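Peer 1: Let the sequences and hints guide you as you build the complete structure.
In full-length UniProt numbering, the protein residues as written are 1 to 346.
Everything labelled a hint here was simulated from the structure, so no lab data went into it. Keep in mind that this is a model prediction, so the values were computed, not measured. Just so you know, even glycine gets a beta-carbon here, dropped at the ideal spot from N, CA and C. Just so you know, not all the hints are guaranteed correct.
[What the hints assert, rightly or not] Quick list of the computed label-pair ranges, beta carbon to beta carbon:
{"#": "1", "residue 1": "S200", "residue 2": "E282", "range": "34 to 40 Å"}
{"#": "2", "residue 1": "V330", "residue 2": "G286", "range": "17 to 23 Å"}
{"#": "3", "residue 1": "E282", "residue 2": "D207", "range": "27 to 33 Å"}
{"#": "4", "residue 1": "T100", "residue 2": "N340", "range": "49 to 55 Å"}
{"#": "5", "residue 1": "G180", "residue 2": "D112", "range": "38 to 44 Å"}
{"#": "6", "residue 1": "E152", "residue 2": "R39", "range": "32 to 38 Å"}
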Amino acid sequence: MRLFQRDARPHEPAAAIAAFWEWWAAEGRASVTQALEDRDPQRVGDALSEAVSAIHPDLAWELGAGDLAQHVLVLSAEGDPELRPLANRWLRASPGIDETWEYAASRQAAPDVEQIALGLGGREIAFSDVRVGARREGCHLDVLVYHPLFRELEEQVRGQIAFLALDSALGEDDVEAWVGEITPTTEPPLDGFGLSALRSVVRDLRDDNTDADGTPHWVIMEGQGDEGPVMALAQVPLSPTTAPTFDTHVAVLVPYTDLTEQGYPGPGSLGPLRALEEHLGERINGSGRIVAHQSHRGMRVLHIYVDSTTPAVEQMRAAVEAWDQGRIRVQVTPDPGWHNVAHLRS
1 MRLFQRDARP HEPAAAIAAF WEWWAAEGRA SVTQALEDRD PQRVGDALSE AVSAIHPDLA
61 WELGAGDLAQ HVLVLSAEGD PELRPLANRW LRASPGIDET WEYAASRQAA PDVEQIALGL
121 GGREIAFSDV RVGARREGCH LDVLVYHPLF RELEEQVRGQ IAFLALDSAL GEDDVEAWVG
181 EITPTTEPPL DGFGLSALRS VVRDLRDDNT DADGTPHWVI MEGQGDEGPV MALAQVPLSP
241 TTAPTFDTHV AVLVPYTDLT EQGYPGPGSL GPLRALEEHL GERINGSGRI VAHQSHRGMR
301 VLHIYVDSTT PAVEQMRAAV EAWDQGRIRV QVTPDPGWHN VAHLRS
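Peer 2: Below, the structure is given as structure tokens:
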């Protein structure tokens, strides 16, 4: 179930988040729980919509069966990168899991995805009839999505169903992190398989590229730029879902003086560069993360994402002042969708 309520009034997100959880503790939790027990969730729809809309009018909410608790309340950014940090700050402020309620900042995978059926203009779109084809490209999957009724539907509707099917099978975060191009098709893919099997494919891809605790691995890339060779290292997946409140891109441009023939850092610069990265990581621990860096003709660009509600940027500016191989420049850009590192996604 998903209900929306829009409100054009100016709002303060932090205060609205606090107000939401105050309302939830005082009356919302009890009334929503009772409505679900009575199988009448619609009666609390307006109250929930009003509380969520006060945080941001474009956030969506859903109620469903929980994984660790009886019920789950989901606040979703609906794929909008501008809203993902807000939804996750709402989650951070939540009271935590108990027997009755858990909370999530993105749509979760449906345990019974093959049982889902959508009603559409008198037609039934059964997810059990969906077939997908997945091709691994580097560290992500390009996916074809087929349903027998796609031939009868407009292209836009096919796309909406394809995205909804993948969100239901994998959850919003795994779609964002591991799926690249999504193509609805009116022809069944060769060697196609169902949505449940796609989960196994994505799980294997995730296991290949992250540690057991979910920590991303790193990959090395080399290429040729306009002025010579470029070497880059980047985390996998290079996705805001790995740090959803880190909504600001900080490019730290670090000159180095000891160069190899290719223009990469030589021994006299490599050690100091590593020490600088470690120092920056320590200074912003918990409020930012180095997610990639590029080296080219005596310049290393550190790509760092930070939480804009913290003093991380000021901490970094102070941390780089002692660098002795040239003047470091720090460039700050709001970028909740991590678009500034899209060229480094593998």
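Peer 1: Run every hint past the structure and note whether it holds.
Peer 2: Status of each hint after checking the structure:
1. S200 x E282: 34 to 40 Å: Once the Cβ atoms are compared, 38 Å apart, the range 34 to 40 Å for E282 and S200 holds.
2. V330 x G286: 17 to 23 Å: 20 Å, holds
3. E282 x D207: 27 to 33 Å: About 29 Å separates the Cβ atoms of E282 and D207, which means 27 to 33 Å holds.
4. T100 x N340: 49 to 55 Å: 41 Å, violated
5. G180 x D112: 38 to 44 Å: Given a distance of about 27 Å, which is not inside 38 to 44 Å, the answer is violated.
6. E152 x R39: 32 to 38 Å: 33 Å, holds
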